[in-house]
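Residue strings, one per chain:
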Amino acid sequence: MTETQLQDPQLENFVLTETQKQRFQVLVHGLTDTCWDTCMGWPSNRLDSKTEVCIMNCVERFIDATTFITRRLMNTTKYRSDAPLVFQ
Amino acid sequence: MDTLSTGSLSGAQKEELMDQVKQQIAIANAQELLTKMSEKCFKKCINKPGTALDNSEQKCIAMCMDRYMDAWNLVSRTYSSRIQRERNNM
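Protein chains in written order, with UniProt numbering: chain G, 1 to 88; chain E, 1 to 90.
Treat the hints with caution; some may be incorrect.
[Said to hold, decoys possible] The following residues of chain G were derived to be distant from chain E, with all beta-carbon distances above 12 angstroms:
#1 F68
#2 R71
#3 R72
#4 M74
#5 N75
#6 T76
[Claimed, not checked] Which residues of chain G face chain E? A partial, calculated answer using Cβ under 8 angstroms:
#7 Q10
#8 L11
#9 F14
#10 E18
#11 H29
#12 T32
#13 P43
#14 S44
#15 L47
#16 E52
#17 E60
#18 I63
Keep in mind that the hints were calculated from the coordinates and are not lab data.
All C-beta atoms, glycine included, are put in the ideal place defined by N, C-alpha and C.
Start from the sequences and build out the full structure, keeping to the hints where you can.
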């Protein structure tokens with residue numbers, strides 16, 4: 001993007017915040033999908049506490065797993081500008 | 001400049017543009033939720049599709065939708081407090 005294309009600070013700021021907000025929303029949609037399959041039994045009158053705990057743990061562990069995978073991939077992978085992924 | 005030139009937009013036009021973008025985002029999110037809910041609640045509630053949605057299937061779907069919303073909100077809260085925690089630890 002050249003500087004001349006983004007010259008309106010108000011709009012630039014708007015796009016940045018909305019992008020950030022939407023990234024969050026997309027992750028919540030995805031996590032709900034995954035954790036629903038992992039935790040949900042037969043739908044009843046309310047979310048029971050066992051399911052609630054399961055969903056909360058599911059979200060936390062999913063993030064942990066993603067962080068773990070990212071770290072491990074970074075450690076086992078050499079990043080070079082000419083060849084993006086070179087495994088050792 | 002061939003791309004969208006924002007320098008020539010008036011304040012009101014800018015507001016309108018931002019409102020439209022926000023509305024489109026809201027629609028996209030509602031569609032995503034609708035797709036997910038339909039998929040999940042169909043799987044949970046309709047084992048053998050009959051000639052019509054019977055009463056118990058409808059009840060199950062209604063309940064499933066409410067629980068899916070609960071789950072969505074819980075995930076949202078959990079995720080955002082995790083982000084907050086990570087930020088505080090930095």
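Hint-by-hint comparison with the structure:
At the 12 angstroms boundary, the C-beta of F68/G stays outside the reach of chain E, the nearest C-beta of that chain being 14 angstroms off. Listed as a non-interface residue, R71/G keeps its Cβ farther than 12 angstroms from every Cβ of chain E; the least gap is roughly 14 angstroms. Consistency note on R72/G: stated as away from chain E, and its beta-carbon is indeed over 12 angstroms from all of that chain's, at 19 angstroms minimum. Every CB of chain E lies more than 12 angstroms from the CB of M74/G, the least distance being 18 angstroms, so the non-interface label holds.
Consistency note on N75/G: stated as away from chain E, and its beta-carbon is indeed over 12 angstroms from all of that chain's, at 20 angstroms minimum. With 12 angstroms as the threshold on Cβ separation, the claim that T76/G sits away from chain E holds: the shortest Cβ distance comes to roughly 24 angstroms. Taking 8 angstroms as the C-beta cut-off, the interface hint given for Q10/G holds, the closest approach to chain E being about 7 angstroms. With 8 angstroms as the threshold, the beta carbon of L11/G comes within range of chain E, its nearest partner Cβ sitting at about 5 angstroms, so the hint holds.
Given the 8 angstroms rule on beta carbons, the hint for F14/G holds: about 5 angstroms separates it from the nearest Cβ of chain E. The beta carbon of E18/G is positioned within 8 angstroms of a beta carbon in chain E (closest approach about 7 angstroms), and the interface hint is therefore held. This hint holds: H29/G has a C-beta 5 angstroms from the nearest C-beta of chain E, less than the 8 angstroms allowed. For T32/G, the shortest C-beta to C-beta distance to chain E is roughly 5 angstroms, which falls under 8 angstroms, so the interface hint holds.
With its C-beta approaching chain E no nearer than about 4 angstroms, P43/G sits inside the 8 angstroms limit, and its interface hint holds. Below 8 angstroms, beta-carbon pairs count as interface contacts, and S44/G has one with chain E at about 7 angstroms; its hint therefore holds. Given hint, L47/G at the interface with chain E, holds; its Cβ is 4 angstroms from that chain's nearest Cβ, closer than 8 angstroms. Proximity of E52/G to chain E holds as hinted, the smallest CB-CB distance being about 6 angstroms (cut-off 8 angstroms).
Checking E60/G against chain E: minimum C-beta separation of about 6 angstroms stays under 8 angstroms; hint holds. Restraint check, I63/G versus chain E: the minimum CB separation of about 6 angstroms is within 8 angstroms; hint holds.
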